[in-house]
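S.K.: Sequence:
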Amino acid sequence: MAPIDPQSSGLLALLAADAGGKAIEEALQICHRSPQLVTKFLKGVAREQTQAAVEILDFLVDQDVEVNTFYFNSIIGSAGWVEALNIMQRMQASHISFSQVTYGAAIKSCSKANQWIPALSLLASMETSMMPNEIVFSSAIKSFEAEGLWQNALYLLLRMSQMTLQADVVCTSAAMAASVAAGRWQVALQLFQGMLDKVTIAGGVAVSHPDVISFNTLLTAMELSSWELCLSVLQEANQLLVTPNMISFNSAIGACDRAGKWECAIGLMEQASRARLRKNIITCNSCINACLQSSCWTISLQLLYTAAYCRLNPDVVSFTSALSVCSRAGFWQVAICLFQDMKRNTITPNEVACGALMVALNAKWEMSLNFLDELWRSRTLNSATCNAAISSLKWECALQLLQRMKSEKLADEITWNTAISVCGHSQQWQWALELLAHTDGPGLVSFNTAISACEKGPPFYKVVAGE
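Going by the UniProt record's numbering, the first residue of the sequence shown is number 1, and it counts up by one from there.
Some hints could be false.
[What the hints assert, rightly or not] In silico SDA-like links for lysine to any residue, alpha-carbon gap of 25 Å or less:
| id | residue 1 | residue 2 |
| --- | --- | --- |
| 1 | 406 | 347 |
| 2 | 364 | 312 |
| 3 | 40 | 83 |
| 4 | 343 | 395 |
| 5 | 364 | 383 |
| 6 | 394 | 344 |
| 7 | 406 | 395 |
| 8 | 43 | 60 |
| 9 | 261 | 196 |
| 10 | 409 | 369 |
| 11 | 394 | 343 |
| 12 | 261 | 243 |
| 13 | 406 | 439 |
| 14 | 112 | 92 |
| 15 | 409 | 431 |
| 16 | 406 | 434 |
| 17 | 364 | 293 |
| 18 | 112 | 128 |
| 19 | 394 | 374 |
| 20 | 394 | 406 |
| 21 | 112 | 168 |
| 22 | 409 | 455 |
| 23 | 394 | 347 |
| 24 | 261 | 278 |
| 25 | 343 | 298 |
[Claimed, not checked] The following label-pair restraints were derived from C-beta to C-beta distances:
| id | residue 1 | residue 2 | range |
| --- | --- | --- | --- |
| 26 | 414 | 280 | 55 to 61 Å |
| 27 | 238 | 408 | 18 to 24 Å |
| 28 | 232 | 260 | 14 to 20 Å |
| 29 | 362 | 451 | 30 to 36 Å |
| 30 | 406 | 82 | 50 to 56 Å |
| 31 | 274 | 294 | 37 to 43 Å |
| 32 | 82 | 412 | 27 to 33 Å |
| 33 | 373 | 263 | 38 to 44 Å |
By construction, these hints were calculated from the structure, which means they are not laboratory data.
These numbers were taken from a predicted model, which means no experiment stands behind them.
Glycine residues also receive a C-beta, built at the ideal position from the N, C-alpha and C atoms.
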């Protein structure tokens with residue numbers, strides 16, 4: 001609970017006293033003499049427990065203390081959205097008028113809870129009696145973000161324009177966030193460009209230009225689409241004298257990760273360090289994973305152990321990304337070492353890590369079996385790991401593993417298809433057909449794999465003839 005000034009604390013003690021005692025009379029006199037003190041007092045109580053503040057307000061009403069809009073506003077700002085609506089109903093029942101603060105606080109409570117329908121309803125009700133301001137609109141627009149209701153956000157921006165209200169950076173950033181949540185990065189880009197077009201210069205200082213939040217929102221949108229655009233956005237921020245933070249750099253590095261541009265990712269990480277921004281494990285993980293497409297396993301290892309040296313606490317994502325890079329590069333010995341390092345650091349390998357190791361051990365079927373036995377004993381074996389292992393085993397071992405997976409209820413359609421494929425590559429077309437017959441609801445892939453296996457067998461007429 002936020003500190004209450006000494007006078008308010010004294011009022012709290014008086015109100016908590018016996019209802020029939022002299023203390024209550026003294027408290028009520030204070031309420032009559034100093035409404036501002038009551039407002040502060042209620043606000044302090046509401047921060048800790050809204051219902052307690054409401055009960056105190058009800059008590060004041062019962063004692064014929066004249067309550068006003070300020071009293072209710074002091075409570076509604078700390079209330080949840082349901083409590084806020086209930087408080088407004090109490091105000092209506094007591095014939096106490098709503099103010100901009102009342103509507104704004106209630107809409108903000110709805111926005112925090114992602115309750116866009118009551119937020120819109122309150123905004124519509126407000127427009128019948130008074131003019132909403134930019135703060136109220138920004139709260140309403142923010143309520144659309146979680147569900148990505150970008151069209152609703154644009155509608156409110158249009159309403160602001162019709163009311164000759166200037167959509168500030170907060171309103172526009174909220175609309176951008178709703179567009180990003182809906183995957184509409186083009187809309188977010190247009191909104192951002194609209195902010196740039198409205199930039200004016202007054203005395204050499206940019207007015208109403210985008211802030212770092214709006215830049216980060218745009219970078220989040222660009223992260224899934226274009227790494228080049230992310231770099232352009234970062235450059236634009238510097239030109240507008242907006243200082244990017246680590247969130248900005250992480251978004252741009254994430255875009256480079258998805259595009260496999262490890263040089264750019266590392267360059268951005270170094271640029272962030274020069275700007276005295278502290279990189280985190282998310283930064284390092286993205287840079288490590290960016291090495292995957294180019295199989296730059298030495299760079300990924302340097303990044304991993306540099307993160308450990310800098311006490312960034314590499315996690316399962318860090319090791320899994322590095323292990324995947326080494327696996328793709330064909331360095332199975334390094335992959336095994338990384339897997340052992342994970343366990344030494346008490347990090348439990350996930351399905352991706354186990355699967356990557358199995359891929360690295362391709363054709364090393366004896367090692368694969370030993371590794372599987374170890375996982376089986378530790379009860380950490382899963383379908384994805386076994387499926388990756390089957391493809392690297394001899395057909396006899398693959399069938400044994402399939403049987404074991406079936407008994408443990410780990411076998412899925414991919415398991416059966418992989419086993420059929422292994423039998424086909426080993427020219428065991430009879431076993432391929434046998435597996436197809438026992439597959440539960442075989443699909444098109446299963447039949448195609450079995451047909452491919454039979455193509456490696458003898459001609460059909462020889463099979464019929466028993467040759």
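S.K.: For each hint, tell me whether it holds in the structure or not.
M.R.: Now for the hints, and whether the structure bears them out:
Between residue 406 and residue 347, the direct Cα distance comes to roughly 28 Å. Violation of the 25 Å bound is thereby established for this hinted pair. The hinted pair formed by residue 364 and residue 312 fails the criterion: a straight-line CA distance of about 34 Å is larger than 25 Å. For the proposed pair residue 40 and residue 83, the alpha carbon gap of about 19 Å is at most 25 Å, so the pair holds. A C-alpha spacing of about 31 Å is found between residue 343 and residue 395, which places the hinted pair above 25 Å, so the restraint is violated.
Taking the CA atoms of residue 364 and residue 383, the gap is near 19 Å; set against the 25 Å cutoff, the hint holds. For the hint pairing residue 394 with residue 344, the CA-to-CA distance comes to about 31 Å; that exceeds 25 Å, so the pair is violated. The straight-line distance between the Cα atoms of residue 406 and residue 395 is roughly 16 Å, inside the 25 Å bound, and the hint therefore holds. A C-alpha spacing of about 15 Å is found between residue 43 and residue 60, which places the hinted pair at or below 25 Å, so the restraint holds.
Between residue 261 and residue 196 the alpha-carbon distance is near 29 Å, which puts this suggested pair outside the 25 Å criterion. This hinted pair checks out: residue 409 and residue 369 have alpha carbons roughly 19 Å apart, not beyond 25 Å. In summary, the hint linking residue 394 to residue 343 is not supported, as the alpha carbons are separated by about 28 Å, beyond the 25 Å threshold. At roughly 24 Å between alpha-carbon atoms, residue 261 and residue 243 fall within 25 Å of each other, so this suggested pair holds.
Simply put, residue 406 and residue 439 have alpha-carbon atoms about 11 Å apart, close enough for the 25 Å limit, and the pair holds. Distance hint between residue 112 and residue 92 is fulfilled; the C-alpha atoms sit about 24 Å from each other, no more than 25 Å. As the CA atoms of residue 409 and residue 431 are separated by approximately 21 Å, the hinted pair is consistent with the 25 Å bound. Distance check on the hinted pair: residue 406 and residue 434 sit about 15 Å apart at the alpha-carbon level, within 25 Å; holds.
Taking the CA atoms of residue 364 and residue 293, the gap is about 24 Å. The hint holds against a cut of 25 Å. Between residue 112 and residue 128 the alpha-carbon distance is near 24 Å, which keeps this suggested pair within the 25 Å criterion. As the CA atoms of residue 394 and residue 374 are separated by approximately 19 Å, the hinted pair is consistent with the 25 Å bound. At roughly 18 Å between alpha-carbon atoms, residue 394 and residue 406 fall within 25 Å of each other, so this suggested pair holds.
The straight-line distance between the Cα atoms of residue 112 and residue 168 is roughly 20 Å, inside the 25 Å bound, and the hint therefore holds. With a CA separation close to 31 Å, the supplied pair residue 409 and residue 455 exceeds the 25 Å bound. A distance of roughly 31 Å separates the Cα atoms of residue 394 and residue 347; the hinted pair therefore is violated under the 25 Å criterion. A threshold of 25 Å between alpha carbons decides the hint, and for residue 261 with residue 278 the separation of about 22 Å falls inside it, so the pair holds.
Annotation: proposed proximity of residue 343 to residue 298 holds, straight-line Cα distance about 21 Å (limit 25 Å). At about 35 Å, the beta-carbon gap between residue 414 and residue 280 misses the expected band of 55 to 61 Å. A hinted range of 18 to 24 Å is violated for the C-beta pair residue 238 and residue 408, which are about 56 Å apart. For residue 232 paired with residue 260, a C-beta distance near 19 Å keeps the hint of 14 to 20 Å intact.
Roughly 24 Å separates the CB atoms of residue 362 and residue 451, a value that falls outside the hinted 30 to 36 Å. Separated by about 51 Å at the C-beta atoms, residue 406 and residue 82 satisfy the suggested range of 50 to 56 Å. Distance hint check: the CB atoms of residue 274 and residue 294 are about 25 Å apart, inconsistent with the given range 37 to 43 Å. The hinted range of 27 to 33 Å is not satisfied by residue 82 and residue 412, whose Cβ atoms lie roughly 44 Å apart.
Between residue 373 and residue 263 the beta carbons are some 41 Å apart, a value that agrees with the proposed interval 38 to 44 Å.
The structure fails hints 1, 2, 4, 6, 9, 11, 22, 23, 26, 27, 29, 31, 32 (numbered hints given earlier, in ascending order).
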